[in-house]
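Q: What follows is the residue order along each chain.
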Amino acid sequence: MGKVVDARGLSCPQPVMMAITEMKKSTGGELEVLVDTDTAKENVSRAAESNGWTVVEIKETGGEYSIRIKKQS
Amino acid sequence: MRNFLSTRKGIVLVGIIIGVLAALLQKLGNPGNMGICVACFIRDTAGGLGLHRAAIVQYVRPEIIGFVIGSLIAAYAFKEFRPRAGSAPIVRFVLGFFAMIGALIFLGCPWRALLRLAGGDWNAIFGLLGLAFGVWIGVLFLKNGYSLGRTQKTYTAAGWIFPLMMAGLLVLVLFKSGSLFFSEEGPGSMHAPLLVSLVIAVIIGFIAQRSRFCTMGALRDLILFKHVHLFSGIVALAVAAFATNLILGQFNPGFEGQPVAHTMQIWNFGGMVLAGLAFALAGGCPGRQLFLSGEGDGDAAVFVLGMLTGAAFAHNFSLASSPAGVTSGGITALIIGLVVCLFIGFTMREKAL
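From first to last, the protein sequence lines stand for chains A and B.
So for the first sequence, our numbering puts the first residue at 205; every next one is plus one.
So for the second sequence, our numbering puts the first residue at 184; every next one is plus one.
Just so you know, the hints here were simulated from the structure itself, not pulled from any lab data.
All C-beta atoms, glycine included, are put in the ideal place defined by N, C-alpha and C.
Certain hints may be false.
Stated by the list, open to error - No more than 30 Å apart at the CA atoms, straight line, and that leaves these computed lysine-lysine pairs for BS3-like:
id, chain 1, residue 1, chain 2, residue 2
1, B, K210, A, K229
2, B, K336, B, K326
3, A, K263, A, K275
4, B, K192, A, K228
5, A, K229, B, K326
6, B, K262, A, K207
7, A, K229, A, K274
8, A, K207, A, K274
9, B, K262, A, K229
10, A, K228, B, K326
11, B, K262, A, K263
12, B, K192, B, K210
13, A, K274, B, K210
14, A, K274, B, K359
Said to hold, decoys possible - With the C-beta cut set under 8 Å, the calculated list includes, among others, these residues of chain A facing chain B:
id, residue
15, S215
16, E226
17, E236
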């Protein structure tokens with residue numbers, strides 16, 4: 205399991221900025237981003253894809269989302 | 184389920200719909216190049232409530248009410264209603280206040296800046312450049328860790344407070360309450376039929392909530408991430424409004440004599456620098472703040488109340504521009520606003536980012 209970015213309670217662009225920072229630090233593998241709005245969920249997924257990552261799974265629990273993204277190392 | 188309106192095609196479609204409907208609202212009676220102007224309409228609403236006594240800009244605009252209600256309906260329909268609050272509300276109030284001061288020096292929010300451009304008012308170019316510059320300053324702060332901190336989940340009823348306030352306003356305006364002020368001349372007297380405005384605004388509120396349409400976000404994401412997603416939406420809005428204006432004979436190119444506009448370009452630019460910076464620090468343009476308020480965001484609602492208060496101050500203290508140009512009070516307020524926004528940007532940073 206890779207690193208977890210907790211962006212709950214933050215509004216865009218911060219979740220996207222935090223996710224991109226981690227993506228840039230990472231050499232590949234998995235990353236989990238936690239958000240709690242649909243806007244942030246869509247924006248983080250979109251940003252991941254445009255940075256060459258794949259969205260593996262989005263899990264919803266009680267109005268919060270866990271977005272798992274992956275990149276081949 | 185995939186949200187079509189948040190795809191590229193979706194956001195372009197939303198931009199087109201807003202552009203066409205805004206031009207139509209002007210045809211149906213709204214002021215020139217002001218089919219929709221969130222800042223002006225909040226200002227008119229402040230006047231309608233008697234919070235300022237500028238007799239020519241008093242009308243509780245159903246568009247503002249409709250935006251919030253449309254967004255609320257969309258949020259419930261798609262299970263996105265998220266009651267939340269508590270991310271530095273007082274700061275958001277102040278940002279809303281000065282965003283309004285800046286917008287009223289230019290005479291329009293970003294939506295109206297685009298609509299003015301689409302109507303041939305070239306003065307809007309300076310406003311849009313100022314907006315981009317203000318957002319750019321905001322992006323610098325964001326890159327250096329600027330954050331208003333996390334919001335908290337709250338009661339569903341708390342998320343309903345602002346939509347209920349709008350519902351209350353709607354009741355007053357539907358029954359033409361004698362306590363409200365209605366302009367008899369000037370921009371405040373020019374409006375599309377109430378129910379037409381309301382229905383169009385509910386539609387726009389609905390699709391804007393689904394698509395996350397935001398003019399400030401469009402510029403911010405372009406500058407910060409080189410993402411053109413939201414930007415394609417505002418381009419679509421301007422092009423669609425331009426095409427509709429051409430068809431309806433509402434396109435009158437030039438600098439002089441444009442409706443509810445002045446030609447003091449440095450202040451058109453400067454006003455929107457302040458507004459753009461305040462929007463960027465608050466995370467959304469005035470339209471977006473209304474849509475967020477509709478989906479339960481109490482902090483966005485506080486921003487809107489800041490705008491309402493800013494509008495009242497702008498007219499009570501002669502800070503708002505007129506077609507004759509900027510006022511000396513307006514220039515002072517602009518400088519104070521910039522200092523306050525810079526203070527907020529420099530001091531509110533999360534090291535953890």
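Q: Check the hint pairing B/K192 with B/K210 against an upper bound of 30 Å on the C-alpha distance.
A: 27 Å, holds
Q: Can you confirm whether the C-alpha distance between B/K336 and B/K326 stays at or below 30 Å?
A: 26 Å, holds
Q: With the threshold set at 30 Å, check whether the alpha-carbon distance from B/K262 to A/K229 stays at or below it.
A: 34 Å, violated
Q: Is the Cα-Cα distance between A/K207 and A/K274 30 Å or less?
A: 11 Å, holds
Q: Need the status of pair B/K192, A/K228: alpha-carbon distance at most 30 Å?
A: 28 Å, holds
Q: Hint check: A/K263 vs A/K275, CA-CA at most 30 Å. Holds or violated?
A: Roughly 18 Å separates the two Cα atoms, so the pair holds.
Q: For the pair we were handed, A/K274 and B/K210, check the Cα-Cα distance against 30 Å.
A: 51 Å, violated
Q: Close enough to count: is the Cβ of A/E236 nearer than 8 Å to one in chain B?
A: 18 Å, violated
Q: Next pair to validate is B/K262 with A/K263; report whether the Cα-Cα distance is within 30 Å.
A: The hint holds at about 15 Å.
Q: Would the pair A/K229 and B/K326 pass a check requiring their Cα atoms to be no farther apart than 30 Å?
A: Answer holds: A/K229 to B/K326 is near 16 Å, not above 30 Å.
Q: Under 8 Å is the threshold here; is the Cβ of A/E226 close enough to any Cβ of chain B for the hint to stand?
A: It is violated, given that the least Cβ distance between A/E226 and chain B is near 11 Å, above 8 Å.
Q: Between the alpha carbons of B/K210 and A/K229, is the straight-line distance 30 Å or under?
A: Judged against 30 Å, a Cα distance of about 53 Å means the pair is violated.
Comparing the model with each numbered hint stated earlier shows that hints 1, 9, 13, 14, 16 and 17 do not hold.
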